[in-house]
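Novice: For reference, the chains in residue letters:
Protein chains: 6
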Amino acid sequence: MPISLERMIHFVPPNIEKMRAKVPDLVNKVDVVLGNLEDAIPADAKSDARNGFIQLARENEFGSTGLWTRVNCLNSPWFLDDVMEIVQTVGDKLDVVMLPKVEGAWDIHYLDQLLAQLEAKGGLGKPILIHAILETAEGVKNVEQIAAASPRMHGMSLGPADLAASRGMKTTRVGGGHPDYAVLSDSDNSGVRTAFQQDLWHYTVGKMVDACLSYGLKPFYGPFGDFSDPQACESQFRNAFLMGCLGAWSLHPSQIEIAKKVFSPDPAEVAFARKILDAMPDGTGAVMIDGKMQDDATWKQAKVIVDLAQLVSSKDKELAEVYGF
Amino acid sequence: MPISLERMIHFVPPNIEKMRAKVPDLVNKVDVVLGNLEDAIPADAKSDARNGFIQLARENEFGSTGLWTRVNCLNSPWFLDDVMEIVQTVGDKLDVVMLPKVEGAWDIHYLDQLLAQLEAKGGLGKPILIHAILETAEGVKNVEQIAAASPRMHGMSLGPADLAASRGMKTTRVGGGHPDYAVLSDSDNSGVRTAFQQDLWHYTVGKMVDACLSYGLKPFYGPFGDFSDPQACESQFRNAFLMGCLGAWSLHPSQIEIAKKVFSPDPAEVAFARKILDAMPDGTGAVMIDGKMQDDATWKQAKVIVDLAQLVSSKDKELAEVYGF
Amino acid sequence: MPISLERMIHFVPPNIEKMRAKVPDLVNKVDVVLGNLEDAIPADAKSDARNGFIQLARENEFGSTGLWTRVNCLNSPWFLDDVMEIVQTVGDKLDVVMLPKVEGAWDIHYLDQLLAQLEAKGGLGKPILIHAILETAEGVKNVEQIAAASPRMHGMSLGPADLAASRGMKTTRVGGGHPDYAVLSDSDNSGVRTAFQQDLWHYTVGKMVDACLSYGLKPFYGPFGDFSDPQACESQFRNAFLMGCLGAWSLHPSQIEIAKKVFSPDPAEVAFARKILDAMPDGTGAVMIDGKMQDDATWKQAKVIVDLAQLVSSKDKELAEVYGF
Amino acid sequence: MPISLERMIHFVPPNIEKMRAKVPDLVNKVDVVLGNLEDAIPADAKSDARNGFIQLARENEFGSTGLWTRVNCLNSPWFLDDVMEIVQTVGDKLDVVMLPKVEGAWDIHYLDQLLAQLEAKGGLGKPILIHAILETAEGVKNVEQIAAASPRMHGMSLGPADLAASRGMKTTRVGGGHPDYAVLSDSDNSGVRTAFQQDLWHYTVGKMVDACLSYGLKPFYGPFGDFSDPQACESQFRNAFLMGCLGAWSLHPSQIEIAKKVFSPDPAEVAFARKILDAMPDGTGAVMIDGKMQDDATWKQAKVIVDLAQLVSSKDKELAEVYGF
Amino acid sequence: MPISLERMIHFVPPNIEKMRAKVPDLVNKVDVVLGNLEDAIPADAKSDARNGFIQLARENEFGSTGLWTRVNCLNSPWFLDDVMEIVQTVGDKLDVVMLPKVEGAWDIHYLDQLLAQLEAKGGLGKPILIHAILETAEGVKNVEQIAAASPRMHGMSLGPADLAASRGMKTTRVGGGHPDYAVLSDSDNSGVRTAFQQDLWHYTVGKMVDACLSYGLKPFYGPFGDFSDPQACESQFRNAFLMGCLGAWSLHPSQIEIAKKVFSPDPAEVAFARKILDAMPDGTGAVMIDGKMQDDATWKQAKVIVDLAQLVSSKDKELAEVYGF
Amino acid sequence: MPISLERMIHFVPPNIEKMRAKVPDLVNKVDVVLGNLEDAIPADAKSDARNGFIQLARENEFGSTGLWTRVNCLNSPWFLDDVMEIVQTVGDKLDVVMLPKVEGAWDIHYLDQLLAQLEAKGGLGKPILIHAILETAEGVKNVEQIAAASPRMHGMSLGPADLAASRGMKTTRVGGGHPDYAVLSDSDNSGVRTAFQQDLWHYTVGKMVDACLSYGLKPFYGPFGDFSDPQACESQFRNAFLMGCLGAWSLHPSQIEIAKKVFSPDPAEVAFARKILDAMPDGTGAVMIDGKMQDDATWKQAKVIVDLAQLVSSKDKELAEVYGF
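First to last, the sequence lines map onto chains W, G, R, F, Y and S.
When we follow UniProt numbering, the leftmost residue of the first sequence carries the number 1, and every step to the right adds one.
When we follow UniProt numbering, the leftmost residue of the second sequence carries the number 1, and every step to the right adds one.
When we follow UniProt numbering, the leftmost residue of the third sequence carries the number 1, and every step to the right adds one.
When we follow UniProt numbering, the leftmost residue of the fourth sequence carries the number 1, and every step to the right adds one.
When we follow UniProt numbering, the leftmost residue of the fifth sequence carries the number 1, and every step to the right adds one.
When we follow UniProt numbering, the leftmost residue of the sixth sequence carries the number 1, and every step to the right adds one.
Calculated directly from the structure, the hints in this document are not laboratory data.
Copies of the same chain look alike in the list, so a pair counts if it works inside one copy or between any two.
Below, simulated BS3-like cross-link-like pairs (lysine-lysine); rule was C-alpha separation at most 25 Å, straight line:
(1) Lys93 - Lys22
(2) Lys300 - Lys46
(3) Lys46 - Lys292
All chains, full assembly: derive it from the sequences and hints.
Specialist: Rendered as structure tokens:
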């Protein structure tokens with residue numbers, strides 16, 4: 001598995017020429033460019049989107065920026081053409097296929113074999129990876145089998161909109177909180193009760209992260225639907241980051257910078273983490289730093305942050321300077 | 001599986017004549033009438049309760065209102081008589097048997113076979129369904145196997161009191177929050193720390209909902225014990241509704257209206273959801289509504305809400321008008 | 001499985017003579033004395049720690065206070081000597097081996113067999129138990145198999161620092177909350193948005209508790225790293241207590257009293273619980289107490305609290321008086 | 001599990017008065033008397049058979065001879081009455097319920113719970129055991145789960161007639177060989193080819209024996225249908241004995257002696273086995289006896305035979321003398 | 001699953017024009033015509049074979065005779081084209097795809113999805129079924145999962161040649177016995193020892209039959225390689241028939257009649273079986289026929305044979321007369 | 001996994017000096033020298049055997065001949081010392097540890113970890129492999145999990161004596177047939193019935209071979225106990241060879257030559273197999289050789305034999321000549 005920086009997976013509708021025209025610029029701004037063929041692409045634009053993606057892939061050089069596509073789901077009439085045409089034309093440039101609505105290991109088995117056969121036919125030297133969207137109740141139930149289904153698995157994204165529909169959650173928001181999910185406190189001394197809002201996605205993100213990390217995969221948060229609320233978007237992204245996610249989707253240009261900010265570790269945290277590593281050169285023993293005990297375990301926590309900062313620095317010169325690498 | 005409106009499962013102690021006398025009235029007020037034989041019925045009233053339920057079932061017509069019973073648990077001395085006598089006398093009127101303290105698939109296998117044999121003997125044409133109460137640590141661990149154990153499964157209810165005891169949770173409350181479950185914030189600029197109360201049931205409800213929806217079953221929240229606190233009851237019910245539950249238990253008449261209010265979707269949400277459906281007639285593509293992007297996935301979220309509103313409307317004429325159906 | 005009071009597992013670095021000297025005093029203050037050989041013990045002090053533990057075990061009488069050791073992890077160069085030397089010298093005094101970084105049932109199978117063989121060789125009459133630390137993503141995924149892996153299993157502790165590193169959680173704190181994990185509310189009438197902080201550990205503790213209780217094991221919270229923040233420590237411990245844990249680790253003397261306070265039930269709760277038990281002598285039926293309905297299920301919740309109070313009373317005479325036992 | 005001698009399970013049709021009259025005599029001749037309610041009892045005699053069995057059980061004393069019944073299968077209209085009426089009337093005298101057509105663990109779960117509840121109601125002190133008939137393709141597939149399904153499992157019998165039908169084997173024989181199942185040799189020097197007949201049941205018996213012994217259960221061969229061919233019956237029984245079975249069914253009085261002869265070990269084998277045990281008093285090392293090497297492993301093989309001879313001797317004084325016990 | 005007579009699956013090499021020319025004639029002689037694209041077709045004739053099959057399918061009407069194809073295996077460069085071109089051109093005429101070298105459920109998942117997508121694209125109304133060849137050690141290990149992998153599963157064939165190679169069996173024969181697999185008897189009275197030849201395939205056929213019948217699939221024996229030995233071929237086919245198989249492959253025209261003879265039940269057996277059915281009109285009770293006891297179980301054995309005879313009669317008028325239908 | 005020739009695993013009792021003295025000679029005669037510490041070694045000679053093995057390992061050079069030990073079983077008082085002392089002294093010369101009485105994957109997990117830790121301590125560069133003896137009913141039931149339990153698995157041997165005892169098979173023979181396991185034919189025209197002896201081990205060997213080959217392990221037959229019957233020994237070995245085994249144990253010098261003869265392929269078979277390979281250079285297509293059809297599948301069967309002949313030739317110059325390599 002190549003180690004790549006994937007703070008935001010930026011969605012492009014490849015059926016729209018104006019959007020394809022922005023790709024050369026995007027390549028320098030985002031970590032991953034994804035040509036979206038599925039949800040949000042109207043039924044009558046599906047083949048334009050597929051052809052647009054092939055064109056987009058051919059006409060651009062991506063360097064260290066990832067090139068992904070989200071294909072239509074397995075029980076749609078478009079899936080087979082999506083995969084076959086794209087792999088047979090631009091398979092050598094494609095890094096990852098994002099597969100929506102994955103229900104169980106059998107869905108991965110299918111795409112895995114199909115890619116294997118198309119790669120063999122096309123003489124492709126590098127395996128195309130699979131990224132699953134976790135967006136049905138059954139998918140969440142089977143997340144560990146999905147993670148284990150193929151060595152081709154890259155990671156997973158939580159898809160909160162489809163998942164909400166599949167579970168019968170009564171919300172029309174896409175990600176983020178809902179004011180009605182709250183615990184009501186007892187009355188305080190002055191008789192006031194507070195409704196403490198809760199995170200709708202805690203269990204789902206936690207289970208997905210454990211499944212991913214158990215098999216060496218990368219967990220991601222997916223879309224945040226309300227483009228007019230950058231603060232809530234940032235808050236949702238940050239929660240995912242805290243719990244172990246490595247990136248999120250950007251559906252709107254304004255979300256690129258939010259993702260970049262959230263998924264690049266905080267310089268102060270990085271500085272503190274480096275202090276820990278410096279104080280314990282061999283990673284064993286115990287030291288007190290700023291009044292908090294550090295030992296072999298916190299050394300590993302610090303290493304997670306410093307490693308990520310180094311990966312960010314390799315791509316982002318500005319941040320490299322801020323971090324001091 | 002018949003599609004029924006089951007916003008509240010109303011508990012009646014059938015050993016008490018006065019309560020049985022209210023049933024004709026109840027049938028028009030609630031979605032489900034449940035004759036309770038288990039917890040809250042004293043040991044020396046168990047056979048009165050069983051006989052009372054049979055009488056209650058015989059003497060009333062239920063129309064589209066469900067008739068359920070909660071039998072005593074499998075390792076009690078009453079279970080076998082509960083099931084045999086009730087199915088052999090009023091099996092043709094009984095919709096669902098609620099089975100408490102389900103630990104694993106084996107418990108469902110037992111009731112499933114017993115019902116099959118009694119139905120065959122009694123020449124019953126319609127299968128009696130099973131509703132499991134999730135109220136032990138082992139039951140939560142095995143929730144997916146329980147959901148898959150029989151095509152006779154109707155759904156599940158979370159039973160917070162028994163579950164708290166089984167897990168060793170240190171609370172005597174029945175459902176709702178507990179002031180001691182809170183995350184303490186860091187000090188803010190003025191040195192103040194806030195204790196943010198948390199939802200004790202998030203993980204459990206989430207896991208139950210995924211298991212239910214994976215097998216086409218219906219998830220419910222169970223009892224709320226403090227009858228004197230309708231606000232906390234409403235808050236607890238609403239959390240369940242948000243996370244995917246379709247109803248809750250009403251143990252006290254005052255909780256009927258709470259359940260009705262919570263488990264019927266909010267008219268404003270319904271109106272917004274209808275806008276989404278109207279804007280995307282074939283369910284594909286992307287549109288902006290009130291500044292939020294909608295696509296195939298949010299279309300499905302909207303459909304969950306509109307479908308529920310229609311189901312509610314089929315029973316509740318007042319709400320039908322409010323929703324505009 | 002012996003029933004023991006284990007509100008705090010107190011960590012002692014046995015390589016340090018000064019710390020060993022405090023053990024006779026500790027035995028009267030804590031419920032469990034643990035000689036730590038793993039994280040926080042520098043590589044070059046590992047054999048001193050092992051020898052120090054053997055000396056400490058030999059030189060003290062522990063009475064009803066538990067004697068545990070935390071050995072180095074299975075893929076370290078110290079594990080085999082840790083177990084063999086300790087069991088062969090002071091196996092008759094050792095109650096529990098705490099095994100770090102358990103990934104799956106296979107790790108327990110190994111220690112189980114090794115202990116069996118050393119016990120047989122040494123003619124030990126009482127089986128040494130195993131306590132697993134849950135501190136990797138894979139361990140959390142496999143927690144049910146770990147719980148079921150051997151009749152020698154005593155329980156589990158959540159290890160938040162290693163677990164955070166294993167999951168890629170972006171925090172350098174050891175347990176407790178993180179200010180960045182919060183749900184941002186919608187604007188209220190005055191346009192104010194609140195960030196409601198969330199519990200990072202809810203899913204993990206919930207899953208661990210269910211796995212433990214399904215197999216009759218004891219769940220524990222592990223370390224709280226910031227010794228200078230007793231309030232946050234208490235808050236973290238209390239969350240675990242509420243969700244079903246029976247104790248926590250004390251890494252610093254100041255945490256002993258915090259654990260004692262949290263993991264001994266509140267006298268007011270105990271008094272209320274006794275009222276319930278008194279009102280329902282055979283545990284069936286329904287009564288109203290202080291406006292809240294009590295039945296067979298809340299009777300069990302009350303019993304959890306009263307049983308714990310009785311266990312505490314057997315060791316702590318002061319509290320026995322407070323509880324009125 | 002009590003250790004009993006069960007060389008033959010003798011089938012009695014309890015609906016026939018003349019057959020019931022023979023039971024007092026049978027008790028001294030056979031190891032197990034089984035009242036058959038299932039196959040071979042006509043539909044219109046089912047309740048006579050059930051009542052006849054109850055009468056038979058009441059009117060006789062069975063001493064060390066087992067009393068079993070074979071009830072009708074789970075999807076028949078008679079099963080529930082069979083079990084309920086028999087356990088509620090003569091449950092204290094009944095040792096084992098033989099359950100036909102077991103498909104999976106779920107079938108055992110059902111009978112297990114039903115017996116538990118009837119035992120509890122009837123205040124029976126000794127658990128009634130379950131003996132499963134392995135007679136469907138699915139049952140053979142699931143034999144290990146069936147064996148593990150309950151601590152109440154006594155053992156299993158291979159039912160070759162139903163199993164042949166379930167598998168689509170093209171034979172109308174009940175047990176034994178079939179002339180068409182044979183391997184044709186190559187031509188020998190004189191051009192002759194031999195058809196070597198094969199054992200139709202090798203795989204099935206082998207798999208059943210492994211499943212049984214893995215869970216401490218007893219394997220049996222079932223019926224041999226051709227009463228006019230005692231030699232083939234003896235051959236079939238002996239094959240089962242060799243492969244690990246402890247007894248077989250006798251459907252005709254003439255088969256009682258065949259079973260007794262086959263399932264009591266051969267005196268010469270017993271004498272040889274005792275030589276081995278005598279030569280290796282502690283069961284370790286190696287000796288040569290009659291030119292064959294004996295070691296710890298053959299000591300165990302010898303013990304199997306000597307233990308069985310001793311069990312036979314405890315019931316059969318004649319054989320005891322022959323064996324020299 | 002349609003009920004079809006499939007006594008022989010006749011292999012045709014569709015790359016050879018002369019063989020294609022015989023198909024119109026074959027359709028009346030065999031139960032299934034299979035166009036073979038895999039083993040025995042040279043690498044440089046693969047696309048000729050595929051095109052030949054399409055032509056053969058187009059140019060003939062098959063009536064009640066099955067049309068199957070054996071495609072190349074999943075890790076070959078030909079599989080994808082085989083399936084796509086054939087289903088897209090003659091999918092409406094194709095009954096079954098035979099898939100070689102199936103290792104586990106994942107292989108079936110793949111073909112299942114691919115067929116589903118191609119059927120949807122082509123608007124095919126009738127699902128194309130899958131027949132798996134069991135011919136690797138791993139396939140035999142996983143046979144139950146393979147059987148359960150899809151509702152599209154038709155059945156399985158044992159492939160003895162590849163299986164022998166996969167297991168490292170030291171034989172170059174294709175099916176049938178091997179003179180070296182024999183049990184050597186003890187010396188008889190005259191000092192003679194006999195080598196009793198054994199069936200190499202007993203375990204494999206038994207396990208495959210149980211897996212198939214557990215999931216409602218049809219088991220088949222595959223090829224017999226020595227065309228010059230019709231007797232051994234008949235013996236091999238008959239063993240499979242006895243153990244539950246419904247047909248075999250014919251690789252040479254001479255094997256068609258052998259299969260027809262073996263897999264049509266023996267008229268004498270049919271006559272005897274009809275006697276049993278006639279004697280027990282409701283299938284319960286016990287009767288003696290020709291000295292052998294018959295009961296509900298043998299009634300089912302008889303029914304297997306009579307049902308098969310009726311199916312044969314529906315296609316083969318000559319045999320219908322012999323059977324007397 | 002190194003590719004080694006292991007036609008016979010020759011057992012040496014290392015406690016007997018005279019036997020150790022023969023090792024230098026043995027190294028040239030056998031493929032594997034195994035120092036036996038378990039069955040056949042008396043309890044009071046266990047530590048002599050262990051020390052003798054260490055001495056034997058130190059004093060000899062083994063070249064391409066394997067050096068194995070069979071340690072005492074896991075629940076014996078000797079296992080731990082066997083493994084620790086041997087690996088710590090002569091671990092660098094030891095190829096394989098043979099583990100007796102393996103019941104499930106957990107037993108392999110234990111030895112696997114113990115070897116890992118001892119190898120790490122001793123700085124051993126080459127992993128010591130594990131060979132499991134399959135000799136209990138539970139082991140046979142779990143054979144697939146055992147095969148999959150560790151990458152350190154070398155293979156398995158069938159242990160017929162212990163297995164017979166574990167299953168309750170009524171035989172005191174070690175391997176080979178038993179005259180009582182036979183199918184009795186119907187009478188022929190002259191009224192003669194033949195008892196066709198059957199293979200007691202067919203199912204067990206078949207299941208073991210499939211499990212081994214599914215995971216890339218090597219299957220072996222174990223001991224043949226009657227040293228005075230070389231013909232029966234050869235017959236037993238040959239059956240194992242036919243079914244896929246690669247070697248057997250030699251417990252007596254006379255069995256070395258038997259194993260060599262059986263497990264080296266027959267020169268005539270090798271010659272025929274080479275014809276097949278020569279006729280199909282690329283392994284595809286179909287040819288007739290000596291009247292038998294050959295295709296891609298028989299090509300693989302032929303390759304199994306030719307590959308083995310080449311491996312034999314690399315060690316045995318005489319056979320190399322016979323084979324013509």
